[in-house]
Amino acid sequence: MSKDAFKNTELIQASLKKRYARERRFQLFGKLAVLLGFVFLFILLFDIVSKGTPAFTQKQLQIAVDFDPDKLGVDASASAEQLRQANFNAVIKSSLRDMFPEVTSRGDKKRLYRLVSIGAEYALRDRVIEDPSLIGQRKDFWLLAHSEAAGYLKGQISRELPEVERKVKDIQMDWLDQLRDKGLTKSSFNTLFFLEGDSREPELAGIRAALQGSFFTLVVTFLLAFPIGVFAAVYLEEFAPRNRITDLIEININNLAAVPSIVFGLLGLAVFINFFELPRSAPLVGGIVLSLMTLPTIIITSRASIQAVSPSIREAALGVGASKIQTVFHHVLPVAMPGILTGSIIGMAQALGESAPLLMIGMVAFIMEVPGGVTDPSTVLPVQIFLWADSPERGFTEKTSAAIMVLMGFLIVMNALAIYLRRRFEVK
Amino acid sequence: MQTSTVFLTLVALCAVSFFIGRHKSRLIGMAGGGLQTLHSLPVHYGYMAALWAGLPALLVFIVWLGVEAPVIRNLVIAELPAEVLALSLDELGLYYNQVVGVALGSVDVGVVDANQVTAAHRYNELLTASRGLKMLLVSLVAVIGGLLAVMRVKPDLRARNHVEDIFTWVLFACSSIAVFTTLGIVLSVLFEAVRFFQVIPMNDFLFGLQWSPQMAIRADQVGASGSFGFIPLLVGTLLISMVAMLIAVPIGLMSAIYLSEYASRRFRAVTKPVLEILAGVPTVVYGFFAALTVAPFIRNLGESIGLSVASESALAAGLVMGIMIIPFVMSLSDDIISAVPNTLREASLGMGATMSETIRKVLLPAALPGIVGGILLAVSRAIGETMIVVMAAGLSAKLTINPLEAVTTITVQIVTLLVGDQEFDSPKTLAAFALGLVLFFVTLLLNVIALYVVRKYREQYE
Amino acid sequence: MKKHVLGAIVLTVGLGNLAVAQAQGRDNVSIVGSSTVYPFATVVAERFGRSTDFKAPKIESTGSGGGLKLFCKGLGANTPDITNSSRRIKKSEYDQCQENGVTDVVEVLVGFDGIAIANSRQAPQLTLSLQDLYLALAKDVPGPDGKLIPNPNKTWKDINPALPASTIEVLGPPPTSGTRDAFAELALGGGAQAIPALKSLRELGADQVDEIKAAVAALGIPEGFYQSYSQSSGKAPKGKDIFKAIAYSVREDGAYIEAGENDNLIVQKLEANPNALGIFGFSFLDENGDKVQGSLINGVEPSFDSIADGDYPVSRPLYFYIKSAHVGRIPGIREYAIEFASDRAMGEDGYLTERGLIPLDEVELKQVQADVASLKRLEM
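Protein sequences appear in the order of chains A, B and C. Everything in the first sequence is counted per the UniProt record's numbering, starting at 1 for the first residue and increasing by one. Everything in the second sequence is counted per the UniProt record's numbering, starting at 1 for the first residue and increasing by one. Everything in the third sequence is counted per the UniProt record's numbering, starting at 1 for the first residue and increasing by one.
I should point out that these hints are in silico values taken from the structure, not numbers from a laboratory. The structure displayed is predicted, hence computed values, not measured ones.
Below, simulated BS3-like cross-link-like pairs (lysine-lysine); rule was C-alpha separation at most 30 Å, straight line:
| hint | chain 1 | residue 1 | chain 2 | residue 2 |
| --- | --- | --- | --- | --- |
| 1 | A | LYS139 | A | LYS110 |
| 2 | C | LYS73 | C | LYS91 |
| 3 | C | LYS366 | A | LYS93 |
| 4 | A | LYS110 | C | LYS366 |
| 5 | A | LYS169 | A | LYS139 |
| 6 | A | LYS31 | B | LYS361 |
| 7 | B | LYS361 | A | LYS7 |
| 8 | B | LYS398 | C | LYS157 |
| 9 | C | LYS366 | A | LYS71 |
| 10 | A | LYS31 | A | LYS17 |
| 11 | A | LYS51 | A | LYS186 |
| 12 | C | LYS91 | C | LYS238 |
| 13 | A | LYS51 | C | LYS291 |
| 14 | C | LYS55 | A | LYS93 |
Not close to chain A: a few residues of chain B, all C-beta gaps over 12 Å, as computed:
| hint | residue |
| --- | --- |
| 15 | ALA15 |
| 16 | GLY32 |
| 17 | LEU59 |
| 18 | SER130 |
| 19 | LEU148 |
| 20 | GLN198 |
| 21 | ILE231 |
| 22 | PRO365 |
From the three backbone atoms N, C-alpha and C, an ideal C-beta is built for every residue, glycine too.
Given the sequences, and given the hints that come with them, work out the whole structure.
What follows is the structure in structure tokens.
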């Protein structure tokens, strides 16, 4: 007997080693899996951040601008309306020629003018309208550099390349070097990127219009999807009888979670734009479509957190005579709320990053003006990214990545909010 | 902002009704010998009064909002001179658009004719009148409703049941929106899909082995005849989804196990949300990553060991899609594994099993139905994913199960067919709707299976 | 309780603000249509918006077909005023317009978009003829005995001994794209004409039934083809129709890779894969000169001048269409169109040319400007 026991112990001892090894291996796999996730995330983030960072600086050139009334076509007594029509382009051109008098050939002149952004013209116009006494004066101004020139100043274009292969030619590089040596170039934080709408000039393009559009769209989405989603979850979890209709609703919700988002776009086009005649390209319609798309996510997660509420709470409430509704709204929902909010935030994050359904309802559009309400034409951030990614101008590459960084920033903030709520939930 | 003023007034009236209803019920209760003589709590009488005041008035409000613009339009148009009325309906619409523009100040008065200016004045008058009336009517209905409710307050009025019935209906209405959405989706693609099936027989579509929508764009141009066989698209979609699942399921599941069973609480609290960022990265970004980084890498790798790899391989798209789905699988499995009762865990560990044995022999079998359900949901997510495949998988519809070759998916075809340059009634465009319909039913089938699996096997462990 | 009240107030104010979705007069120009014209139209719209008092037009990228569908849906503030198109409006679309009350449509030819065939700078520049392109990319090509066989060519060298021995791998637009359509017609169709049997087939009229049948038989196409073809199209086909059916089909065995509409992506894929060739718009070649190089087609390199002169054989016209009934009703339409057609935009030195648009010649430009000014009605 004792001998057998001893033998068993030995067997166990022997197998233990193996089992522990297996245990360690298993744990290692787990760690590896988490590590892999981190590696993927890191590669993606690194890729985006390294490409997008230059977009946050802008390059300016100091040009001595001569507001010659003859070139402008107006004099100091001009009205604001006349000033708007004045020829600021000619002023910039002649000022540039004055700085580089050696430039004579037509092609070189054209290249010279290309150092300065077309936005400079409108910036000068606004300055002069503000202060008409500038007319007739000569003054140094910092003008926005063209995206190609800025690319060279930022070191993105190398002289090593054969001249035919690059947009910035040798002579332009020489001019820019001269300006830099004289201290006539400077970098500053790119405020335009956050204050302006879309533009076809990379150096002028900003995300403000898209951000505002995204904001309006998300507000609509949240106001619709959150109450409806929570109510639906409450009904299905607490009130619904087990019957065919409930099954139908349940299958429908699960199925909608998997319907490709572009199909929601088709729905939006057919129902809200063609049938209800709501305006195209409006955050209102975008928000409704996205709320239909996020509803299943919110319902499913809300149900899960309502389910997780301990039955004892319900029974206690019912036991002291609360009605079903009272039980749910006074006792179950408050406990489930952090979980519900987490799910809703994840749903909102999904809506924030979505672009495919908006294609069908006209939100893939060029919008310069910042929308002021839910019915103004607008676009959203992921669509802006998509449009920039498809632009031929090289300067948009960094803009695309920078816009992605902003979008990811919002997503991270939303996720952080979700963590915070989850923490509170887990403490309970 | 007029509209929101009316709305706020309505909310205020509801609040007032609530307080009056509550107050009156208290008075009655006290008079009748204490609050316990009332059938319901005073708040319920308040809620009832508020609902009576609010709901009918809200209905009036919504109806008014709906008919306001058309009615004003007809009134303004009716007063226009005969020569304007002779315009076609559409032109009249444009004419009227300008009138509204003038009235709202967005169109310069200089560019329109005198009739339009008069009409614009009329429009503004009518609008003011309508707003006043709307305010009056909504308030009136709300006050009457509130008063009626307040008058009915009696000790034996079953206010609570009354309120709760209304609430239950509201809850039911919210959950039935899902059904209406489904109905809307089916209806919005059905008609176009039917038109497609009139041109292309359904059998050719569902069982055809060749997909090449090379049909002429212009009438004067013949081009090749298109063939619309759905099978290569389905196989391509499933192939890419499968690759994605092969990446996402092991990594996601192992991460979930590690996080829920091994990791410290703090590590878990940080790691889980950080990895969930992967799910939030816009799919456009993944698309670029797949097309420009992963695909060439796999291609070079394959060529260095003597394999021929297409530059748009299904492997690259699937791999990146897998990365995107990792957090999805992870979150779902984590929730489900955590939900396995602790007693099972403790019993197994108490018997001397190691943690990994407990996980493999006890926890996973217990959690399996839930995990399978979750994975099926992830599969339908992969099937519906668009941008990654648009950028990385290309559009060649090849019938193959070799992941090193290029394939295409249903969603990619839907997008390209819809935003292309071809005329809108050609079978090419209509095919997008047919694909949408079929895709809808494929995911429906998957979900019914998932629901069935979860339902059938879950019960045992709860 | 207080928290709930606060939440309720926030919610109601939010909902209240949403409810202001009332019909308002539209005062900006609404433009839809082709994604190829989009980069040019947006440049005009931006300058127009910045330099005038009009609101900047809203431009949606919907594809030519989707744009024309919206455009022809009818008149009214909720329909677009202008649609861009990378092909001419079809008769059926024009008819639909007429039916829906859009009777007066102005057609504006904007210029040309060259289609470049390019590869990575890391690989040698190719010199191709249209025939090379046809033999490389067509679905069926004449075999040694003159009969059509599925395209057997695997490497460029198989087609033309002067070309490198690399595998044929061409990234190009999908069949739904106007670029693909133009490429098939100009490059493949052009190349097929270099083959005598196909060229002679192309020249046969619809009445020369026997000759067509003989030519088809010589190409090894089964006899039933002619019959089924005439049945499906409802009339006796011309030799040209059959020629198109043969020549415009692109091979589907993997040598031609349909790569979607994102031209930037094609450029970057080419950079990653020096063996591949790509087909995309000229403006992308112009902008990415450091990464890719255009192949010489029939000895001509793609450049502004060669495309504008018509020496470079593969380019296509771009259009936009104006709804005349909206002019004067929606502010800014005529002014926008005039800006678009002006010398400083569309002219030889215009800002659109800088973006890669191939300009019209002087006479055509004057004609277009006159048509825009007078809103000349399109007749079809």
